[in-house]
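Chains as they are written, first to last, in the UniProt record's numbering: chain A, 1 to 435; chain B, 1 to 303.
Calculated directly from the structure, the hints in this document are not laboratory data.
Some clues are possibly wrong.
[Unchecked claim] With a Cα cut of at most 30 Å, we get these calculated DSSO-like pairs of lysine-lysine:
hint, chain 1, residue 1, chain 2, residue 2
1, A, 273, B, 169
2, A, 384, A, 310
3, A, 196, B, 169
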Amino acid sequence: MNTIDESGPGRWSRRGFLGLGAAVGGGMLLSACGGGSASGAGQLKFWDMPWGQANYTAAAKKLTEAYTPANSLPAATYQGIQWANFSQTFSSAIASKTGPAVSTGGGFQAFQFADQGAIAYADNVIEQFRKDGTLDDFLPGQLDAMKTSKGYAAVPWQLDFRVWWYRKSLLDAAGLKVPTTWDELLTACRTLAGRKVFGFGTGAGAGNNLGSQGLHLMMLNNGGGLFDPDGKVDVVTEANLEAMRFVQELVRAKAVDPASISYTTDNLITQWKNKKVAMGIHTAGLDTDTGETDGDLQVMSPLTGPSGAKAGLVFQNNIMMYADTPSQEGSEAFLSYYIRSMKTLWQQNVVAGLPVLKSIVALPEFQAQKQKAKIIAEWVPVAKTFAAQSPTLFGGLAAVDSSQPVTQFAQTVLAGQDPKPALETLQKALEAIVK
Amino acid sequence: MTVTLTRAKSDFPRTGKPVSARRMLLWLVAPSLVLLLLINAYPLVYAALQSVHDGSLINTGDYVGLDNYRATLTSPAFWRSVQFTLIFTVVGVFGSWLGGLGLALLLRTRIPGRTVFKTLLLLPWVVPVVVSSTAWNWLVATPQSPLPSLAQALGFDTPLFLADPVLAKITVCVFKVWISVPFMMMLIGAALAGVDHTVYEAADVDGASKWQQFLHITLPMISRSTYISWILMTIFCVNDFPTIFLLTGGGPVDATTSLVVLSYRTVFQNFQVGPGVAIAFLMTASLVVVSVALYRQIRKAHV
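Same shape as in the complex, but just chain A (with noise of 0.2 Å):
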């Protein structure tokens, strides 16, 4: 029995082996380089973030199952993608050729990939969307804010705010009415402040920009921002100063809960529903994220600043097409289904965001949201980009929405803290990242 060379059933040979291991290592070297195109067997990838509760990325899957695509253009398939490191995850996908063609994503995210050449402009679309009449179904400006020098880098297809909140039980116990200035705003916290209750809500933690974007809501409702009129980082101004100083001024009066810079997400809303804040900036989505929707949570109307303005701050989250796609026209004619097709997301109430179309506004669905549908009516009209003053968005802005700079400039104002050297501070260091 010569066992060496043994090749009987079941047995290896050596020129077996080295055969078998030469086709896995060819297999996986022609795997890793063969890359791949959007396409999934010439279908359409569409990747869609979690914009709701649970239920939603089933909704949004069944909608996108149901795109039946004219002629020979290709099908298209869902990919649900978590938020955690989707940065990452967007742009491995893009540098391997192996993205979506489709996607929705950050609220800059179109903006920062048109600038690395990695998106198809949506100008078709719109074109097609201004002879068909879509175009006119859009609330008003939100189209305008998507178009560059090169096109439109993406279509708008819901809306992320942030207003600001009371809980109607905690001020009706302290013998307030819902402030509509600033200056009513800081006499409320600070009876509220004797109650030993929170006048500003709000957290800049692990992953929470809550906090950041309440500072900006701020500035934006004293008629600042980050940038100016040329997109250029600008904040040291008296109107950012201004708002800042008044911050503080909350801060002082203990409006603020000390323990918020390092709050989480979760930990905000837990002291919401332990009814430890009476007022604070949130997202849309505050009385379902509590699970109180019985009225006691509510929208404020938009502040009224010392200079008169009023502001809100808008996210307009949208819905971008990819230069790597098997077809273009197959690109546009999904996204164009998506939109038109997209009211039934509202109608089943799983998304958080607010819709961009009049007739989604429209549905009595929506409508039933009396707080979603006051921000529609209130806020909608003063509502202000992440980009103000500048009046169109653009790459750089996805590195300043949860940048270290940002995050750290909001825990040092909420700290307390000298707000001019901050704004220096942050000025410096998104300049530094906004190029």
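Based on these hints, arrange chain B on the given structure of chain A.
Just chain B now, kept in the frame of chain A:
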């Protein structure tokens, strides 16, 4: 089998392998070598290139020489991170070593329920960091959390465990020690099990106290394992991203931003890929220096 052994002996004499056999061995290891190169060398080389370019996550960008390294080394944020990384590592390594050693010595004695005790002590190491960081957040984050409530009940001011820069540093370090103690306990426990008991008996006969036995027998006898545990824990601490990021996100005001957190935030939040990768390379270089120094200690170790 006898035939096999006989042939093997005749084909591969003790004096050296024939060329054909060497070639075959080379073929056998070739797939693994290729995979290793692909998995390790390619990303390393690509990252090195990124560190000298001004690129994005998608494009490599323009060559900028050592500008990214220069900017990193002159950045106050970098040196603040170096300082915290040192604190975090020193506390993490020696805190967990002391805790692990203490528990390993305790569990060497015959105490009732030792096995159950051992299993329970392993939990911090076994439970995913995401779960344990959530539990710690629940323990300390808000004024109504259990630990701040306890402090208030004892008459103290409400401690801001995660919002005060100094307390946040302490909390993160304690969290790291708590997670790492079971690992150290296992490693040192295994080393202690290998120490010959007759040495202690001889020391007893010579009149050595327990403290003298611990200093002059136990510590030297487990020194090799101790150095290995220090090397491993140093690497774990310097590279530890989730413990810090999940608990504090690096805050407040960068107080708990370690080098790995700074690198992540620079690349993936500020989208400054070149400087972020440069931080990672500097971190790796210093880690190699520390590891080599500790490895030399292993070779000098008594046992």
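Hinted pair residue 384/A and residue 310/A, Cα distance within 30 Å: Distance of about 10 Å is within 30 Å: holds.
Given pair status - residue 169/B, residue 273/A, alpha carbons within 30 Å: holds, 29 Å
Pairwise hint evaluation, residue 169/B against residue 196/A, where the allowed Cα distance is 30 Å at most: holds, 28 Å
Hint check: no violations occur; every hint is consistent with the structure.
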